[in-house]
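Please work from the sequences and hints to get the whole structure.
Sequential numbering of the sequence shown, starting at 62, is according to the working numbering.
Keep in mind that the hints were calculated from the coordinates and are not lab data. One thing to keep in mind: the hints can contain errors.
Think about it this way: if two alpha-carbon atoms lie no more than 20 Å apart in a straight line, the pair counts; the simulated EDC-like pairs of lysine to aspartate or glutamate are [unchecked claim]:
hint : residue 1 : residue 2
1    : Lys195    : Glu124
2    : Lys172    : Asp102
3    : Lys172    : Glu124
4    : Lys195    : Asp148
5    : Lys195    : Asp102
6    : Lys195    : Asp113
Simulated restraints, written as ranges between beta carbons of each label pair [as the list claims (entries may be wrong)]:
hint : residue 1 : residue 2 : range
7    : Ile139    : Val89     : 16 to 22 Å
8    : Pro75     : Leu112    : 33 to 39 Å
9    : Ala84     : Ile139    : 27 to 33 Å
10   : Trp77     : Glu199    : 41 to 47 Å
11   : Arg170    : Glu85     : 42 to 48 Å
12   : Val116    : Ile93     : 35 to 41 Å
13   : Glu199    : Trp96     : 19 to 25 Å
14   : Glu124    : Gly83     : 57 to 63 Å
15   : Gly83     : Asp113    : 45 to 51 Å
16   : Arg127    : His73     : 52 to 58 Å
17   : Pro75     : Asp102    : 46 to 52 Å
18   : Asp102    : Thr163    : 23 to 29 Å
19   : Arg198    : Ala152    : 17 to 23 Å
20   : Ile149    : Arg170    : 33 to 39 Å
Think of the CB as a built atom: it goes at the ideal place given N, C-alpha and C, for glycine as much as any other residue.
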Amino acid sequence: MSPATLAGSTRHTPQWSPPLQGAELDRVLTKIRRWTPFDGDALLDDIGAVLDDVVPNEEHIEEFARRLRGHLMQLVNIAVAAGAEEDITAAQLIRQARVLRTAEVPGDRWKAVGHLRRMGWTLSELHERLVAVKCLREAA
Numbered sequence: 062m063s064p065a066t067l068a069g070s071t072r073h074t075p076q077w078s079p080p081l082q083g084a085e086l087d088r089v090l091t092k093i094r095r096w097t098p099f100d101g102d103a104l105l106d107d108i109g110a111v112l113d114d115v116v117p118n119e120e121h122i123e124e125f126a127r128r129l130r131g132h133l134m135q136l137v138n139i140a141v142a143a144g145a146e147e148d149i150t151a152a153q154l155i156r157q158a159r160v161l162r163t164a165e166v167p168g169d170r171w172k173a174v175g176h177l178r179r180m181g182w183t184l185s186e187l188h189e190r191l192v193a194v195k196c197l198r199e200a201a
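Okay, structure coming up:
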């Protein structure tokens with residue numbers, strides 16, 4: 062009996078072939094390795110740090126900007142994948158997040174802090190909206 066024929070069946074089953082070839086599998090594997098799961102606690106910690114009454118030190122501004130950009134990108138990707146853009150408020154927050162994520166951090170310390178806080182508020186609002194439209198579960 063051929064391995065592609067079921068016992069007691071006269072119907073021929075086609076031979077299995079992998080869905081992706083080598084180069085395509087490498088591309089998918091690379092994306093999987095770069096992927097980081099959503100960490101709501103880290104998101105809330107970073108939002109709290111930039112919105113706190115204590116202003117971040119100048120040497121930490123670039124690091125906060127990098128992390129907040131990562132959070133913005135991740136929330137936007139989650140929102141788009143879940144179809145949250147159909148919600149008017151979510152769509153507006155997604156547009157705002159995209160603009161802030163690509164904006165340069167100002168050289169002036171106080172303008173940079175203002176930029177971080179805009180990013181923090183946008184993250185907070187987008188996170189809350191994604192919870193409200195059931196794209197995310199509420200983080201701690």
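May I ask which of the numbered hints given earlier this structure violates, with the numbers listed in increasing order? 1, 2, 6, 8, 14
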